[in-house]
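**Q** Letter by letter, the chains look like this.
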Amino acid sequence: MNAMMIAASVCLIAGCLLTLVAAIGVARFPDMLARMHAATKPQVLGLMLLMAGLAFGLGSSQLTWKLVLVVVFQLLTAPVAAHMVGRAGYRTGKVRSDLLVRDELTEDLERARLRKES
Amino acid sequence: MSGRGRWDWLQRVPMAVWMTAVWVLLWGHLTVANVLTGVLVSVLLLWVFPMPRVGFEGRVSLIGVVLLTGRLLVDVVRASVSVAIRALRWRQTPHGAVIRVPLRSESDLFLTLTAELTTLVPGSFVVEAHRFTGTLYLHVLDVTRPGALERARHDVFEQERRVMYAFATDADIEAAGFEPRPWRLRSRGGRTRTRMTRERSSYERGKVLPRDGEDES
Amino acid sequence: MSPVVMAVCAALLTAAAVVTLYRVEKGPSMLDRVVALDVLVSTLIGCLALVSLWFGREDLVLVLMVLALVGFVGAVTLARFAASEPEEERRILTEAEAAAAEAAELEDEESMGEDSR
Chain A
1 MNAMMIAASV CLIAGCLLTL VAAIGVARFP DMLARMHAAT KPQVLGLMLL MAGLAFGLGS
61 SQLTWKLVLV VVFQLLTAPV AAHMVGRAGY RTGKVRSDLL VRDELTEDLE RARLRKES
Chain B
1001 MSGRGRWDWL QRVPMAVWMT AVWVLLWGHL TVANVLTGVL VSVLLLWVFP MPRVGFEGRV
1061 SLIGVVLLTG RLLVDVVRAS VSVAIRALRW RQTPHGAVIR VPLRSESDLF LTLTAELTTL
1121 VPGSFVVEAH RFTGTLYLHV LDVTRPGALE RARHDVFEQE RRVMYAFATD ADIEAAGFEP
1181 RPWRLRSRGG RTRTRMTRER SSYERGKVLP RDGEDES
Chain C
2001 MSPVVMAVCA ALLTAAAVVT LYRVEKGPSM LDRVVALDVL VSTLIGCLAL VSLWFGREDL
2061 VLVLMVLALV GFVGAVTLAR FAASEPEEER RILTEAEAAA AEAAELEDEE SMGEDSR
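Chains as they are written, first to last, in our numbering: chain A, 1 to 118; chain B, 1001 to 1217; chain C, 2001 to 2117.
Hints in this document: simulated from the structure, not taken from any laboratory.
This one's a predicted model, so the numbers in the text were calculated from it and none came from an experiment.
Just some of the chain A residues that point at chain C, by a computed CB distance under 7 Å:
#	residue
1	S9
2	C16
3	L20
4	A27
5	M32
6	P42
7	Q43
8	L50
9	G57
10	L63
11	K66
12	A81
13	V85
14	A88
15	G89
16	T92
A virtual CB, placed ideally from N, CA and C, is assigned to each residue, including glycine.
With the hints as extra help, turn the sequences into a complete structure.
**A** The structure is reproduced here in structure tokens:
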């Protein structure tokens, strides 16, 4: 039982720490797409750690299944939301092009536009 | 006609099973009444809101799925730590890039799965997916280190290879230009392969550049 | 569960929520706020996990489940209707500005009422 509690504590603290770091990243990064990278972190690993901590702490097998389901739902839905938001952000010009080392999507769109005109 | 209709319903069975399982898990008790109401609700839902069918022609490989999941977990942990370090390094601002990755497989399903898993790993996510050319455009958080662009591209290819090893037929893997599954090489010896019936030309779409700025949506 | 661990976790989550709120307020665009709100939802999930563990509230797991299921709907909806916003609409107005805007609106309405009469 004691080992379970230690495992739960470690998981919970690690999960909370990841959430804090993600919040710092969201507040600090200069443009929207970079902030999104920081934001996906607590949604994936942080949630896994928190749920693992909760499962260790509660220690009942029936709830463990529900917690696994929570993680599965999150893993299924988080990338969809991230992709939609990222795409909308790129299309409405929320990306700071001065911070991009290379932008092959704009290159391709430009090339396609030129070909259409000619 | 009726045979076709029955086939349609058979294809929805996995969805109904999954929805029933979720229903039972939400209630928390495995009882006959729960299972029955779960089946009822899922059949009702599938009848009222029919899902578009995603053609799945492949073979699921258990070893492939285990490798895919295991590697995904390792990647998620490693990438989370690296993004966290980047967030805490106060002096530097990250310089990202949007890169083009033409995938090798021709199937929408593998395109979707690869895009999903790539987005799931922190540090890279898919900004735009072009279906006709099978191209993903992804944003990578930090590419200031030399060779980072190539590494990001390589990672996506590896992800796609693992996805295909987990879910694709041998023929599809060959058509995409990946090596056959390493653990299948030994056992293939005397066995006849029955899964080669698909015509390759039927799903070959030309690799062309996007013709205009918008995609089909 | 030891109280020390609980306190540390609660402090970390509170700090995370405060830092995230800064980004929610600052913007500058709707999508930035959506991203920040997603992080806030994650923080909330963390808080729920702590409460559930500390008070032995096992029923809260259902709330966690629902949050994980519908948490992405808001982000997808806003992303679907995101458009380029004009510079002016990107920030929250100060009190004086809001009052001025409201007064201008009232005036508009009154003048329209006079027109129709």
